[in-house]
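Q: Take a look at the letters that make up each chain.
There are 2 protein chains.
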Amino acid sequence: MTSDEIRDQVWEMGKQARAAAHALTKLTTDQKNEILLAMAEGVLAQEADIIAANKKDLAAADDLGLTDAMKDRLRLDPDRIHTMAYGIRDVAELHDPTGEILKDWTRPNGIQFLKKRTPIGTIGIIYESRPNVTADAAVLCFKTGNATILRGGKEAIHSNRAIARALDEGGKKAGLPDHSIQLIPFTDRESVQHLCEMDTYLDLIIPRGGAGLIEAVVGMARMPVIKHYDGICHVFVDKDADLDMAEAITVNSKCQKPSVCNALETLLIHREVAADFAPQIAQNLAAKNVELRGDEEFQKLAGVDGIIPAGESDWTTEYLDYILAVKVVDDLDAAIAHINHYGSHHSDCIVTNNETAAEKFQLEVDSACVFWNASTRFSDGAEFGFGAEIGISTDKLHARGPMALEELCSYKYLLKGSGQVR
Amino acid sequence: MTSDEIRDQVWEMGKQARAAAHALTKLTTDQKNEILLAMAEGVLAQEADIIAANKKDLAAADDLGLTDAMKDRLRLDPDRIHTMAYGIRDVAELHDPTGEILKDWTRPNGIQFLKKRTPIGTIGIIYESRPNVTADAAVLCFKTGNATILRGGKEAIHSNRAIARALDEGGKKAGLPDHSIQLIPFTDRESVQHLCEMDTYLDLIIPRGGAGLIEAVVGMARMPVIKHYDGICHVFVDKDADLDMAEAITVNSKCQKPSVCNALETLLIHREVAADFAPQIAQNLAAKNVELRGDEEFQKLAGVDGIIPAGESDWTTEYLDYILAVKVVDDLDAAIAHINHYGSHHSDCIVTNNETAAEKFQLEVDSACVFWNASTRFSDGAEFGFGAEIGISTDKLHARGPMALEELCSYKYLLKGSGQVR
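Chains as they are written, first to last, in my numbering: chain A, 1 to 422; chain B, 423 to 844.
Next comes chain A alone, as it looks inside the complex (with noise of 0.2 Å):
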């Protein structure tokens, strides 16, 4: 394809969504959900097409230097398309936020206004190597209503379309309007550069993947985008803890799923408790074979072996790996500091029996979720209630934090008047 065709074709889907985000307005809930099911249906009907389509996918992974953890996530087996087509049925078991009235009032002059929740329009969803991606974003962005346009990585192109073709042509049965869900066909690095210029026809873009995809975009977009970056995370063992808690947490938080955004990196010790704490926690993570990294303090007080230092990277390092950053501060004030500096504004715990103390922490950290004795694992769509989420925004703007439905929705005003005039 030259540029010119690459630049049109994603042109003319941006278009294509915007009508197709105007048509989904006009469809009630029981209508998405009907689709809903029609899509899993899609799904499972499919199985054969998208297992032989994932199939090419990973012979051409070698060639694209995949690693082993990455080629696991590209895999689909029945099991995982199973799962892929029960989740679309949990999506239309949720309820829709879309149509629910935020606010209601009647102003002196008689105009009355309403406080609409509505869809957004239409996003773009830029994500790599999972092809699970393909369905979950559609159908959340679906359920509220929202057009979408997909574009994934080469790695999964071949699972990305078949994917995305079940899912249209399940849905299409129950109705589902033209363009509603529309993938990249390509995988061009320039189409990235159009989705993100097109404001005219995307409300908004996510980008799903690492650090440097989502600094491409953030550089080259016009329209809002959510950003879901590192997860930098803390717990911050107070002197008033209760160590045995703080253990339980810190190891939890570091060990129960290394991989994953609201993981501990970072251990915080205040020095009042650093004695005890040190090597009751040090013995404990070596023994799990956690590669620890202290400053001098922590170094001196853990009484184990083979503690690394730490140097100024390890305090902005998401390791998401069984490695452990480690430092001992001077008091409350010094952990808050730490985290507001070092962290990613993701989720931070302070450990501690004393309610001022924990009242400052949650008051004054600078986090999306801010925990007081409990795992920065709970950091979770699901966990929170949400039913599901498109991951967790380290924004502060439109959505922090898990990003579920209701963060997928955008507001109107509705004003009703008898011929008021100014």
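No lab work stands behind these hints, which were simulated from the structure alone.
Mixed in with the good hints, there may be bad ones.
Cut-off 27 Å, straight-line C-alpha distance, at most; resulting in silico cross-link-like pairs (DSSO-like, lysine-lysine) [claimed, not checked]:
| id | chain 1 | residue 1 | chain 2 | residue 2 |
| --- | --- | --- | --- | --- |
| 1 | B | 679 | A | 115 |
| 2 | A | 103 | B | 782 |
| 3 | B | 537 | A | 115 |
| 4 | B | 437 | A | 227 |
| 5 | B | 649 | A | 115 |
| 6 | B | 576 | A | 115 |
| 7 | B | 679 | A | 416 |
| 8 | A | 360 | B | 437 |
| 9 | B | 782 | B | 661 |
| 10 | B | 537 | B | 448 |
| 11 | B | 437 | B | 661 |
| 12 | A | 360 | B | 525 |
| 13 | A | 416 | B | 649 |
| 14 | A | 416 | B | 782 |
| 15 | A | 15 | B | 649 |
| 16 | A | 257 | B | 537 |
| 17 | B | 661 | A | 26 |
| 18 | B | 782 | A | 173 |
| 19 | A | 239 | B | 838 |
| 20 | B | 838 | A | 360 |
| 21 | A | 360 | B | 448 |
| 22 | A | 103 | B | 525 |
| 23 | A | 103 | B | 710 |
| 24 | B | 594 | A | 360 |
| 25 | B | 537 | A | 15 |
| 26 | B | 722 | A | 360 |
| 27 | B | 525 | A | 115 |
| 28 | B | 782 | A | 172 |
| 29 | B | 594 | B | 525 |
| 30 | B | 661 | A | 416 |
| 31 | B | 649 | A | 103 |
| 32 | B | 838 | A | 227 |
| 33 | B | 525 | A | 227 |
With chain A's structure known, arrange chain B on it following the hints.
A: Same frame as chain A, but now just chain B:
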């Protein structure tokens, strides 16, 4: 100043703003209100200095090529300075939305969740000509606990500096944290670019000015931007309209204050009532010296002389003047399609006595404010009862329509456990 000095100074202001934002989280509502009253005193106390500074700007206005209208917006006199000070006192009276609990719930595992309204953090305001924006924007951001960096235009630089100094010196007497309100003291264009790139230090940029300024900021900014674009506002006179009401709403929306974004720019008339309504509205507006630009049908039906044939560009022009584009449309669907295609998603109105038509219009018109039987001039924070607004957002993310104190806030989740782990 060298480019390096400009960059260093802007980035240093960013760092200071982030520190100020942290200090602001610790202020109570009462403390903030006392500071606001002290800022108002500061403005009154420095009235002479502000007027002297403004005289310098006015003396340079001709050399900068300012029109009479721009000079009028630039001019400060004792009355306008008193209005500015009273405006600050009014903001002290407004309800403080920060700290509000937006939602609270407890999960089966016992973890308690609070969704709490918080300041956004740091906000950059980039604006042109009117020096009163310096005070208006800064105090709304301050009321909601945000630190601001203001960057005004060169035509008002002396006035802006004097006002910012008055706010800062006045506020400090009541405990305003250092660097809460910073004005970039020079107007080199590169300072805008540095602000736009400084996403570590600025959480949001709000450009206030013409489309050129907004476009430039949107192109450069790495952080969220809330845009206040043009208002291409429509009135649609449905076949079931009360034509006298339609006349009153059209005339008011167009003529009461044509220079503002919620003024009417395009009138759409349903074909079935065009033969009656076209001459009625044409005579009224011609008598008020409103220039009419009509499609062929309207030219034929209006029965007045001097109607200019409307071209494609008339449907996308914000005249801000005594000019009105008029088109006869086939039906409600055609009106909705015209508005969604050519409009700016700001404020649009249907005049009708038909509830079904009104509901369809309000559902399908994709605009921030959708009116039924009332003048578009009510699209305004004060008319909504919001007390004050920082603008009318034409964005769909975070803030849509009149952007008031609540929209200058973010939120965060506070989770309280008793040692829960996953």
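Q: Please go over all the hints and tell whether each is borne out by the structure.
A: Structure-based check of all given hints:
no., hint, result
1, 679(B) x 115(A), "holds, 26 Å"
2, 103(A) x 782(B), "holds, 20 Å"
3, 537(B) x 115(A), "holds, 20 Å"
4, 437(B) x 227(A), "holds, 22 Å"
5, 649(B) x 115(A), "holds, 20 Å"
6, 576(B) x 115(A), "violated, 39 Å"
7, 679(B) x 416(A), "holds, 21 Å"
8, 360(A) x 437(B), "holds, 22 Å"
9, 782(B) x 661(B), "holds, 14 Å"
10, 537(B) x 448(B), "holds, 18 Å"
11, 437(B) x 661(B), "violated, 59 Å"
12, 360(A) x 525(B), "holds, 20 Å"
13, 416(A) x 649(B), "holds, 26 Å"
14, 416(A) x 782(B), "holds, 13 Å"
15, 15(A) x 649(B), "holds, 22 Å"
16, 257(A) x 537(B), "holds, 26 Å"
17, 661(B) x 26(A), "holds, 22 Å"
18, 782(B) x 173(A), "holds, 26 Å"
19, 239(A) x 838(B), "holds, 18 Å"
20, 838(B) x 360(A), "holds, 13 Å"
21, 360(A) x 448(B), "holds, 9 Å"
22, 103(A) x 525(B), "holds, 15 Å"
23, 103(A) x 710(B), "violated, 39 Å"
24, 594(B) x 360(A), "holds, 24 Å"
25, 537(B) x 15(A), "violated, 37 Å"
26, 722(B) x 360(A), "violated, 71 Å"
27, 525(B) x 115(A), "holds, 18 Å"
28, 782(B) x 172(A), "holds, 24 Å"
29, 594(B) x 525(B), "violated, 35 Å"
30, 661(B) x 416(A), "holds, 18 Å"
31, 649(B) x 103(A), "holds, 23 Å"
32, 838(B) x 227(A), "holds, 26 Å"
33, 525(B) x 227(A), "holds, 23 Å"
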